[in-house]
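Please build the complex by placing chain B on the supplied structure of chain A, with the hints as guidance.
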Amino acid sequence: MVMRSVLVRLLEWRARRFSDPADRLQFLRRSVSGPVAKPRRLRRALEHLPVLTIAFGLVLAAGVLLTSGRHALGVTATANSRPAAPDRKLADASYTAAPVSRVWLVQSNPQFDLYSNGLRVENQYATSAQPRHYLALARTATGASEWRTEPAGIVFHTTESHMAPFEEDQNQMLRRAGEGLLEFVQRQRAYHFVIDRFGRVFRVVRETDCANHAGNSVWADESWIYVYLNRSFLGVAFEAQSNPRAGDAAVNAAQVHAARILTEMLRSRYDIPAANCVTHAQVSVNPGNWRAGYHTDWAANLPFRELGLSNNYREPPASVLLFGFRSDSLLAQSGGAGVTPGVEAAEGQLRAEAAARGLTLDLYRERLQRRYRDAIRALAEKSAPEEYNE
Amino acid sequence: MNTDTQATSAIGLDVGTSRIVAARRQDKDVQFQTQLNAFVTIPFSKLTQSVLKKERIPHVAQDSEITVYGDESERFANLFHKETRRPMLRGVLNPEEADSIGLVQRIVILLTGEEQGQGQKVCFSVPAAPLGADAEVNQHEIELKNMLGKLGYEARGISEGLAVIYGEMENSNYTGIGISCGGGLCNVCLAYLSVPVFSFSIPKGGDFIDSSVANLRGEPATRIRTIKEESFHFNGHFANKIHQALATYYEDMIQALVASLKDQFASVQNMPKLNRPIPLVLSGGSVMAPGFRDRFEKTLRETELPVAISEVRLAASPMHSTARGALVAALSEL
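Sequences listed follow chains A and B, in order. Read in order, the letters of the first sequence correspond to residues 1414 to 1803 in our numbering. Read in order, the letters of the second sequence correspond to residues 13 to 346 in our numbering.
For reference, chain A alone in the conformation it holds in the complex (with noise of 0.2 Å):
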């Protein structure tokens, strides 16, 4: 109670060295809150630190008001509404998305849509579904959430569907288990894109409305969380299988070249950031038995490199972070190399949290959860209520 107190003098003392009210604001609301922090002005914050005049100790007493005040000041009607960001060090990866450059439409008509950038769209089994609308619930506390209608995202599914060899002579029956498939996932409206083994694209659920992909999912990027990602996140299946006859890849160069193609036209029109394109095995949650991972498609491989994509498998999955979902054993097997890496980065932050709360994992596990389920009821009032399982 003493240290709380200090903390908070502590911070009001710093907060007075910004006479401009927009920085003493921004101090405020980044030191309680926690958003995203701008490096100019924690720069600026920190200039403002007379130095010559403060003891060691409360500089040292700053520096942990700047990491664990959010939890010592007790604002927890709202501040502490949320968890915290993840730390974004975990996706510095060996690589980093591509820059999107702009893909426009060069000619439409009913059999196919052509782009800029080569990207050819077969329309024959395009249709409509429920008109996408949802809400993307604000990551801080201050921010409000908001209705939108453009995709937020992709997610990368495989079909799990029958695999022909695929080698000439099945020709007959790579195309016909081809049409099967496209017409299958048009009756359950499954996918909004589908790349055949071929590497054909084809648009089922068109962009503007909701596909059956995803499920029970979760994800969240900087700013905002999205829950029950079939109304937010495009849904992108290759007509492939997770986990193919040894010695095979899950598919084919002609299929990753038109995942590339048609990830940088979906970026490009509906100003997707990478960071929020991302696999079924990563979203995928079951709120029955609070298990990640419900789903393990692309668990592992998917080539997000070849796809202009960063390693958003380091990526520590929303769902374990921000709703205290556990790693399936069966996500753990497929995930290998995959998403394993970002799950037991997520665990780690999740223990540091607890403990930073003074709280045991599995009682701050529980808090997250009622997270999910409050996350969840709100959205039932608000839209259709049972497309949203507790």
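Please note that a few of the clues may not be correct.
One side only, chain B facing chain A, incomplete, derived with CB under 8 Å [said to hold, decoys possible]: (1) G169; (2) E182; (3) V207; (4) N287; (5) S344.
If you anchor each label on the Cβ, the simulated ranges turn out as follows [as the list claims (entries may be wrong)]: (6) B:Q128 to A:R1430: 36 to 42 Å; (7) B:G131 to A:A1557: 19 to 25 Å; (8) A:T1562 to B:P302: 48 to 54 Å; (9) A:N1522 to B:P215: 52 to 58 Å; (10) A:G1593 to B:I121: 52 to 58 Å; (11) B:K66 to A:R1430: 53 to 59 Å; (12) B:V63 to A:P1686: 23 to 29 Å; (13) A:A1557 to B:F250: 40 to 46 Å; (14) B:D83 to A:N1625: 48 to 54 Å; (15) B:T260 to A:D1684: 52 to 58 Å; (16) A:Y1683 to B:G131: 56 to 62 Å.
Keep in mind the hints are simulated off the structure, nothing from the lab. Just so you know, even glycine gets a beta-carbon here, dropped at the ideal spot from N, CA and C.
Structure of chain B alone, referenced to chain A:
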């Protein structure tokens, strides 16, 4: 925060039921511009239209009508013996007016002086949802955000009560209670070190007082508003029945505000531990009646609240507090 670029690249907008106020920083000062959030329609004629154009009266001609909007609407309403109409009602877009968002857009353009923004940050005020009206407020915020987005701004809504805190409570590090008594609603927010703890609104504002007194005395609401703004004061002696009725409904509004504040304190969970008494600031057009602050403080002091109030003060410029706070919020995001 003092560079020229930042000084010109953010706008605070108070989108109120009766007025829209824009705040911009110019050098060290904040400049405000205000327009009535109102309009009046008059019959179309080419002559009228050409006069309006010549006189640079903001208007739009459509079908058989000319709509005059902003400050000039009141003058034309008097000229044509009509009542002004409002694009907003009780803090949100008026569902009775077909082109409410279009009119708000035109008034915003009048204020910003720009047909198209250039990606500037705009924070605009939105009311806290009155009990059971979340959807209305959400929709209102979405429509304003979309409208401002189409005008080329990067827009974000901010709760009106919180904007008052950002506009008026720098000295307490944005800790305290901000109250904005506007035309349609009274908005309240408690914040601790800039973080909102709770926000709410009650559907009683200046319009409620005007229409209630108008009904009671059988007078037009416009006349009541004029009397209220020009000659009413809380001094215990009322010159006439209209003043007496105004005092009654002001009292009703104050009682409702304080009672709601007490209820909100009782229901809020995880209330932060406040280490000292907190200030309360009153803003908005409806707090400007002489004696209002004293009356409010008296009622507040008679009510037992779980926090100590250090002072009850009127905002330095009650009509501009929300816009100023919205500007501070926008600048803090640069």
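Status of each hint after checking the structure:
no., hint, in the structure
1, G169, "6 Å, holds"
2, E182, "5 Å, holds"
3, V207, "4 Å, holds"
4, N287, "6 Å, holds"
5, S344, "4 Å, holds"
6, B:Q128 to A:R1430: 36 to 42 Å, "38 Å, holds"
7, B:G131 to A:A1557: 19 to 25 Å, "20 Å, holds"
8, A:T1562 to B:P302: 48 to 54 Å, "49 Å, holds"
9, A:N1522 to B:P215: 52 to 58 Å, "54 Å, holds"
10, A:G1593 to B:I121: 52 to 58 Å, "56 Å, holds"
11, B:K66 to A:R1430: 53 to 59 Å, "55 Å, holds"
12, B:V63 to A:P1686: 23 to 29 Å, "53 Å, violated"
13, A:A1557 to B:F250: 40 to 46 Å, "43 Å, holds"
14, B:D83 to A:N1625: 48 to 54 Å, "53 Å, holds"
15, B:T260 to A:D1684: 52 to 58 Å, "55 Å, holds"
16, A:Y1683 to B:G131: 56 to 62 Å, "19 Å, violated"
The structure does not agree with the numbered hints 12 and 16 stated previously, though it agrees with the rest.
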